[in-house]
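With chain A held as given, fit chain B with the ligand onto it using these hints.
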Amino acid sequence: MEAFTVQKGIVAPMDRANVDTDLIIPKQFLKSIKRTGFGPNLFDTLRYMDEGQPGMDNSNRPLNTDFPLNQKRYQGASILLARENFGCGSSREHAPWALLDYGIRVIIAPSFADIFFNNCFKNGMLPIVQPGEVVAALFAEMYAAPGYTLEIDLESEQIKKPSGEILSFQVDPFRKHCLLNGLDDIGLTLEKKDAIFAYEAERRKITPWLFS
Amino acid sequence: MAGKTLYDKLWEAHLVEERPDGTSLIYIDRHLLHEVTSPQAFEGLRLQGRKPWKPKANLATPDHNVPTLLAERSSGIEGIKDPISRLQVQTLNENCRLFDIREFGMGDERQGIVHVMGPEQGVTLPGMTIVCGDSHTSTHGALGALAQGIGTSEVEHVLATQCLLQKKMKNMLIKVEGELGPGVTAKDLILYIIGQIGTAGGTGYTIEFGGSTIRSLSMEGRMTICNMAIEAGARAGLVAVDEKTLAYVENKPFAPKGEMWEQAKAYWQQLVSDDDAEFDKVINIDATVIEPQVSWGTSPEMVTGVTGIVPDPEKAKTETQAEGITSALKYMGLKAGEKITDIKLDRVFIGSCTNSRIEDLRAAAEVVKGHKVAATIKQAMVVPGSGLVKKQAEQEGLDTVFKEAGFEWREPGCSMCLAMNDDKLGKGEHCASTSNRNFEGRQGFGGRTHLVSPLMAACAAIAGHFVDIRTWEGEK
Ligand code: SF4
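Taken in sequence, the protein lines are chains A and B.
Using this note's numbering, you'd call the opening residue of the first sequence number 429 and step up by one each time.
Using this note's numbering, you'd call the opening residue of the second sequence number 278 and step up by one each time.
Extracted from the complex, chain A is given alone in its bound form (with noise of 0.2 angstroms):
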């Protein structure tokens, strides 16, 4: 996994709530073995005007021209500005690699689907969360300024605005660590090898169903 520190870069708004990983991949995507190029095809009822397959050349697919992605101000986007219940649905690890393979690393948002905002850590992203008022303002702020960048700094746990003024945001200590050192914790865990043979020892005991 790739170490998240600091990441500076233009926001893009998905200005909706309730955005549901259906909408963030829709299926027909799902049927790849692999965890990379699913960035075309993020968003993609919202994006093109035809259906898309797997498959498909999709530079000759007409474009949505009215949604924020296929706006030139928009272009490299890195962060995501979202509304209420981000990522709600299914467990599909898919929406976050579509968005990562897409270039967005940071999501920001009121609040997330608890599945979704798991699977983020896993793959090096960040979500962040805000209340509502404040989403809100940056919306404000950034359809009023093309090309509006916000600095996101994972180790004192602030946004930097381009005015300068400074927003904080909270992260759990242990995923915080994971994400600073682009650690994989099936390595971590694996490391606790005799507390959990030592738990099934003990389980063994109590429920034998389960281990016969």
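Note that these hints are calculated values from the structure, not bench results.
As the structure is a prediction and not an experimental result, all values here were calculated from the model.
Cβ atoms here follow ideal geometry from the backbone N, Cα and C, with glycine treated the same way.
Treat the hints with care, as some may be off.
When the alpha-carbon atoms are kept at most 25 angstroms apart in a straight line, the in silico BS3-like pairs for lysine-lysine are as follows [said to hold, decoys possible]: (1) A/K620 / B/K616; (2) A/K621 / B/K328; (3) A/K633 / B/K286; (4) B/K445 / A/K621; (5) A/K620 / B/K328; (6) B/K649 / B/K616; (7) A/K462 / B/K328; (8) B/K445 / A/K604.
Over 10 angstroms on every C-beta distance to chain B, these chain A residues come out as not near it, computed from the model [unchecked claim]: (9) R489; (10) S519; (11) P524; (12) L595.
Same frame as chain A, but now just chain B with the ligand:
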């Protein structure tokens, strides 16, 4: 000291280690796998040279992507026409072989939607921690198990370590009292609850469903309830163990037998919340006021009673809600104030891990019997949840009832619930569906899903539009 909730008990029994910040290592008893969310996890294992910690804790079955037409099914994996789907099903098969994991493959009568197969086989049991790379894993909570959906990185983590890293959720109790009216089912109850608390209402919580109404539901009804805990935002839903739970589990193929059964039974009987347990949040629901439900929008919380109307965005409480309603109505092609019973339908889908068990099919067949699907309905299909559900239904003659009425009778799988295979809606088509998600495009590009119970789907198929099952007399 306050007593413990069922969730507290399940959590504590599986805690391997807790870090100072609360991040914990939780032991996983059962891991279910399917073709869509596992290939990248197996690939990860391979790249790191890792092996499954406990191969026997895992069980796989292909479900999301398998064709449901007999003609395409009968020649096995090779017969899957779509090469990308075929490769995915093949990959699961090969990974299971390589990593020594048991699989109920496409030709096995035990194959089915992973959440139908698990309880049916006794592969998922009370008191277990259960995970699967699928959010509807919450279904198994109906057995008094801590069951939750996980992402693919976690699938890999569980394969390699038999553990999951997470923080404990908060406790919520949804207490339902009173009798459900005739024609009102577990599905209507859970849709109603989601309508009340919203799709983020349970975020951060494990929801225990309790009260006399829940106790009076069958095990399959409880599965329907827990299945949609995730639509209420909760990763896990729970129902306490009672006599019904034990009766259901007894003699299931993978359930403990003999002396081990007695021992397990004694252990499982403790799996209830203590009387003095404290919940972080309690929500009371009166079951007697609930009508058959129909979703009208693009989120499961956009739901109303069958006698209701499509809401008006101008009357919404917040601006975000108003925008949500406006965009949902546009997508759904509906107008504010329109009667639910005036919504005309193009297709009907009875199936999915929410409502494809034998009781669901029996209930739907009862309604359909002796009637014909309306001429205006392009397609009405029944997709049993597993090969064994299908077999049972056929033994009872339900397939004949459906076919005579004009329904298609399919092979088991997820099918039109998420439309990864050929079973899907056309653009703008309205579908009465017994599944769990009505997101934009969920059942096909531009498709319009209305979530309902099997009873409501069945009578809608006959009438061609929604009707109130409680007053419907049928059209011969
Ligand atoms: S039936 Fe639908 S909701 Fe259930 S596991 Fe399959 S795709 Fe998911």
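Each hint tested on the structure:
no., hint, verdict
1, A/K620 / B/K616, "violated (59 angstroms)"
2, A/K621 / B/K328, "holds (14 angstroms)"
3, A/K633 / B/K286, "holds (17 angstroms)"
4, B/K445 / A/K621, "holds (21 angstroms)"
5, A/K620 / B/K328, "holds (16 angstroms)"
6, B/K649 / B/K616, "holds (24 angstroms)"
7, A/K462 / B/K328, "holds (20 angstroms)"
8, B/K445 / A/K604, "holds (18 angstroms)"
9, R489, "holds (13 angstroms)"
10, S519, "violated (4 angstroms)"
11, P524, "violated (8 angstroms)"
12, L595, "holds (21 angstroms)"
In summary, the numbered hints that this structure violates are 1, 10 and 11.
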